[in-house]
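Engineer: The lines below spell out each chain.
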Amino acid sequence: MKNPQLNKHGELQHLLTTEGLPVRIMRDILDRAATFLDLDEGREIKKVPLLHGKSVFNVFFENSTRTRTTFEIAAKRLSADVVNLNIGSSSTSKGETLLDTVDNLCAMHADMFVVRHSQSGAAHLIARHVAPEIHVINAGDGRHAHPTQALLDMFTIRHYKKEFHNLRVAIVGDVLHSRVARSQIHALTTLGVPEVRVIAPKTLLPTMVENLGVRVYHDMNQGLRDVDVVLMLRLQNERMQGAALPSGQEYFKNYGLTEEKLAYAKPDAIVMHPGPMNRGIEIDSRVADGLQSVILSQVTFGIAVRMAVMSTLAGSNK
Amino acid sequence: MNIQIKNGRLIDPRNSIDAQLDVFITDKCIAAIGSAPEGFKPDEVIDAAGLIVCPGLIDLAARLREPGFEYMATLESEMNAAVAGGITSLACPPDTDPPLDEPGLVEMLKHRAKNLHQARLYPVAALTTGLMGKELTEMAELVDAGCVAFSQADAPLTDTRVMMRAMQYAATFGFSVWLRPQDSFLSKDGVAHDGEVATRCGLPAIPVCAETIALSTMLTLAKETGVKLHICRISSAAGVEMIRAARQQGLSVSCDVTANHVHLSEMDIGFFDPNCRLTPPLRSLRDRASLRAGLLDGTIDAICSNHAPVDEDAKQLPFAEAESGATGLELLLPLVLKWAEQDKVALADALSRVTLQPAQILGLDAGHLSIGAAADVCVFDADAYWKVEAAALKSQGKNTPFTGMEVQGLVRYTLVDGKIVYQA
Numbered sequence: 000m001k002n003p004q005l006n007k008h009g010e011l012q013h014l015l016t017t018e019g020l021p022v023r024i025m026r027d028i029l030d031r032a033a034t035f036l037d038l039d040e041g042r043e044i045k046k047v048p049l050l051h052g053k054s055v056f057n058v059f060f061e062n063s064t065r066t067r068t069t070f071e072i073a074a075k076r077l078s079a080d081v082v083n084l085n086i087g088s089s090s091t092s093k094g095e096t097l098l099d100t101v102d103n104l105c106a107m108h109a110d111m112f113v114v115r116h117s118q119s120g121a122a123h124l125i126a127r128h129v130a131p132e133i134h135v136i137n138a139g140d141g142r143h144a145h146p147t148q149a150l151l152d153m154f155t156i157r158h159y160k161k162e163f164h165n166l167r168v169a170i171v172g173d174v175l176h177s178r179v180a181r182s183q184i185h186a187l188t189t190l191g192v193p194e195v196r197v198i199a200p201k202t203l204l205p206t207m208v209e210n211l212g213v214r215v216y217h218d219m220n221q222g223l224r225d226v227d228v229v230l231m232l233r234l235q236n237e238r239m240q241g242a243a244l245p246s247g248q249e250y251f252k253n254y255g256l257t258e259e260k261l262a263y264a265k266p267d268a269i270v271m272h273p274g275p276m277n278r279g280i281e282i283d284s285r286v287a288d289g290l291q292s293v294i295l296s297q298v299t300f301g302i303a304v305r306m307a308v309m310s311t312l313a314g315s316n317k
Numbered sequence: 000m001n002i003q004i005k006n007g008r009l010i011d012p013r014n015s016i017d018a019q020l021d022v023f024i025t026d027k028c029i030a031a032i033g034s035a036p037e038g039f040k041p042d043e044v045i046d047a048a049g050l051i052v053c054p055g056l057i058d059l060a061a062r063l064r065e066p067g068f069e070y071m072a073t074l075e076s077e078m079n080a081a082v083a084g085g086i087t088s089l090a091c092p093p094d095t096d097p098p099l100d101e102p103g104l105v106e107m108l109k110h111r112a113k114n115l116h117q118a119r120l121y122p123v124a125a126l127t128t129g130l131m132g133k134e135l136t137e138m139a140e141l142v143d144a145g146c147v148a149f150s151q152a153d154a155p156l157t158d159t160r161v162m163m164r165a166m167q168y169a170a171t172f173g174f175s176v177w178l179r180p181q182d183s184f185l186s187k188d189g190v191a192h193d194g195e196v197a198t199r200c201g202l203p204a205i206p207v208c209a210e211t212i213a214l215s216t217m218l219t220l221a222k223e224t225g226v227k228l229h230i231c232r233i234s235s236a237a238g239v240e241m242i243r244a245a246r247q248q249g250l251s252v253s254c255d256v257t258a259n260h261v262h263l264s265e266m267d268i269g270f271f272d273p274n275c276r277l278t279p280p281l282r283s284l285r286d287r288a289s290l291r292a293g294l295l296d297g298t299i300d301a302i303c304s305n306h307a308p309v310d311e312d313a314k315q316l317p318f319a320e321a322e323s324g325a326t327g328l329e330l331l332l333p334l335v336l337k338w339a340e341q342d343k344v345a346l347a348d349a350l351s352r353v354t355l356q357p358a359q360i361l362g363l364d365a366g367h368l369s370i371g372a373a374a375d376v377c378v379f380d381a382d383a384y385w386k387v388e389a390a391a392l393k394s395q396g397k398n399t400p401f402t403g404m405e406v407q408g409l410v411r412y413t414l415v416d417g418k419i420v421y422q423a
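Residue numbers (numbering that gives the first Met the number 0), protein chains in the order written: chain H, 0 to 317; chain Z, 0 to 423.
Just so you know, these hints were derived from the structure itself, not from any lab. Any given hint might turn out to be false.
[What the hints assert, rightly or not] Below, simulated DMTMM-like cross-link-like pairs (lysine to aspartate or glutamate); rule was C-alpha separation at most 20 Å, straight line:
hint	chain 1	residue 1	chain 2	residue 2
1	H	Lys1	H	Glu132
2	H	Lys1	Z	Glu37
3	H	Lys201	Z	Glu195
4	Z	Lys5	Z	Glu37
5	Z	Lys187	H	Glu237
[Stated by the list, open to error] Here chain Z is said to cover these stretches of chain H; the calculated rule only asks that three of the stretch's residues, wherever they fall, bring their Cβ under 8 Å from a Cβ of chain Z:
hint	segment
6	119-125
7	195-207
Glycine included, every Cβ here is placed at the ideal spot set by N, Cα and C.
Using the sequences plus the hints, can you model the full thing?
Structural biologist: Dropping the structure here:
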């Protein structure tokens with residue numbers, strides 16, 4: 000089957016998922032992101048003209064302020080024209096189909112779409128539909144993928160741990176409903192992390208998750224033992240309604256990241272979270288704001304990584 | 000009108016015929032096989048040299064979308080497609096709008112189909128009013144109107160007491176109940192098999208136990224009530240095993256599988272191919288192997304098309320939002336031939352799964368070419384290959400997982416009631 004995110008020269012045409020993303024492209028993106036960062040100051044300094052004259056459309060069929068904002072900043076630092084559309088409550092509710100909306104935006108001369116949608120596979124559908132000179136970035140589709148989040152997580156891990164081949168990484172929480180977790184797992188295994196663990200109750204793990212190349216733990220302390228990186232996942236409040244969990248308190252007791260549980264990890268382990276955090280549900284404030292937390296670095300790096308993705312796509316425009 | 004079909008290879012599973020024999024048709028019926036009856040003068044001769052002559056195909060599940068969903072397909076378009084696929088009889092499920100729960104609707108549908116002079120239509124009526132799973136339909140009236148069995152289509156029947164009563168009532172009159180096993184709670188919001196692909200793609204899943212739990216209820220109640228039960232569209236290895244065991248214990252239950260499930264698995268979803276959004280969901284490769292084993296040992300009696308034409312727009316959506324279903328009437332024969340070739344099944348046995356076996360499930364004296372039987376005949380070229388594409392399909396539904404593939408088996412003539420209704 001043809002890889003839908005590569006063009007015929009093997010270059011990145013769309014960024015839809017980290018699954019099947021060649022390691023060479025993944026490393027290029029991380030290297031490129033590093034060039035956008037002034038590492039001494041830990042923040043971006045450069046505004047570069049790489050996307051000058053290009054139009055980037057942030058098309059969000061599902062509301063998100065944070066991800067959309069970081070994409071917007073990234074595009075503006077690349078000198079692109081940015082258009083933000085929150086379609087969550089407009090066109091589709093008037094009966095317009097997803098592809099009609101996309102066609103209309105194409106007619107407005109979009110060069111790049113950043114798409115978020117509540118349904119798995121929406122970004123693939125759009126990528127299949129648009130003209131070959133248009134690029135699609137998946138900013139989250141249902142439970143399927145959130146590749147830029149995973150790439151910024153990889154960037155953060157590399158920043159603090161330098162290498163991937165000697166790491167033990169634990170992903171904690173609602174893997175079943177998480178596009179972030181799926182993209183993290185594919186990115187970690189692609190970059191050669193030898194041991195990826197998932198820690199969750201059985202109700203929050205998908206069937207045959209071990210086939211993705213992870214070890215399954217139901218006990219948090221065991222799962223965190225000697226890990227180098229802890230990737231926390233956000234717990235959606237509605238999980239209590241579907242009988243997946245009894246209560247937030249009980250979840251926190253068993254799977255909330257506290258200092259006591261974190262003590263099982265390596266002393267220099269880092270703690271990450273894609274945000275927005277539910278303090279007291281999946282993570283204790285003392286950990287979230289503690290010395291091992293690199294959560295705010297993730298946000299900063301996110302802009303550089305998204306700049307790297309966008310400029311990589313623009314460069315493959317053949 | 001006298002028709003002679005000459006020089007063809009006649010395959011008639013019921014009469015154990017697989018030989019080069021001519022077929023002679025007089026007055027809508029098979030008049031003779033082999034040599035012409037005395038004084039027979041053909042008005043028309045079909046030269047079937049190099050072709051296979053078999054009973055017309057009988058499809059147990061073809062949605063024609065009338066009444067109510069004419070934007071998807073019409074009776075006319077789909078009956079055309081049926082005969083182009085060599086299908087001479089088809090059963091349609093009751094999930095129309097309104098559902099087939101009143102004698103008037105069944106009569107109207109039968110009447111309209113009859114006027115088209117193509118395939119024979121056997122409506123399956125709703126088991127409960129409005130398919131709501133609460134009140135029984137007027138079964139005896141519906142049978143008088145021309146329906147052949149009772150089903151819930153894909154609508155849930157969660158109330159086990161209603162299911163038991165419906166089976167008891169149907170058993171009183173010897174009516175058949177056709178059910179597709181799927182627990183409605185376990186399958187809620189699900190769009191794909193609960194396995195590797197749904198996990199990878201992040202698709203809401205339907206576990207195999209949704210099928211086996213419902214199946215267990217159905218088999219238990221069938222044993223209790225003595226109803227004639229037909230299980231529609233079995234999809235899992237565990238389901239096949241349960242039916243095999245029930246039969247070994249003496250329960251008379253029949254079963255079908257869709258042609259799609261014989262050939263495809265969850266893997267075919269690939270990158271969210273909406274053409275593979277099917278009901279029941281495509282399951283694992285292991286399940287597919289068990290479905291094929293079930294066909295081989297006779298646990299599964301028949302193969303149906305599960306024809307469900309869907310309009311183009313309804314498929315141009317993210318996987319979970321895309322309408323479930325695929326066009327199938329014109330692919331039934333090619334997919335059965337492909338299965339026969341792959342699993343080295345004798346052609347007569349393979350064809351019986353779409354002729355004789357479904358006729359028996361429908362309770363019809365059909366699906367064979369005995370002398371005196373209605374001349375419903377399919378003449379096809381087993382060695383002709385064609386490419387599945389929208390333009391090649393008569394059905395108004397153009398979506399199928401097999402789009403772009405080469406398939407084997409081209410229908411050349413279809414006869415219903417001794418009349419040529421399709422010719423290519």
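Engineer: All hints are to be evaluated individually against the structure, with a verdict given for each.
Structural biologist: Each hint, compared with the structure:
{"no.": "1", "hint": "Lys1/H <-> Glu132/H", "verdict": "18 Å, holds"}
{"no.": "2", "hint": "Lys1/H <-> Glu37/Z", "verdict": "63 Å, violated"}
{"no.": "3", "hint": "Lys201/H <-> Glu195/Z", "verdict": "16 Å, holds"}
{"no.": "4", "hint": "Lys5/Z <-> Glu37/Z", "verdict": "17 Å, holds"}
{"no.": "5", "hint": "Lys187/Z <-> Glu237/H", "verdict": "16 Å, holds"}
{"no.": "6", "hint": "119-125", "verdict": "holds (count 5)"}
{"no.": "7", "hint": "195-207", "verdict": "holds (count 3)"}
Violated hints amount to a single one, hint 2; each of the other numbered hints is respected by the structure.
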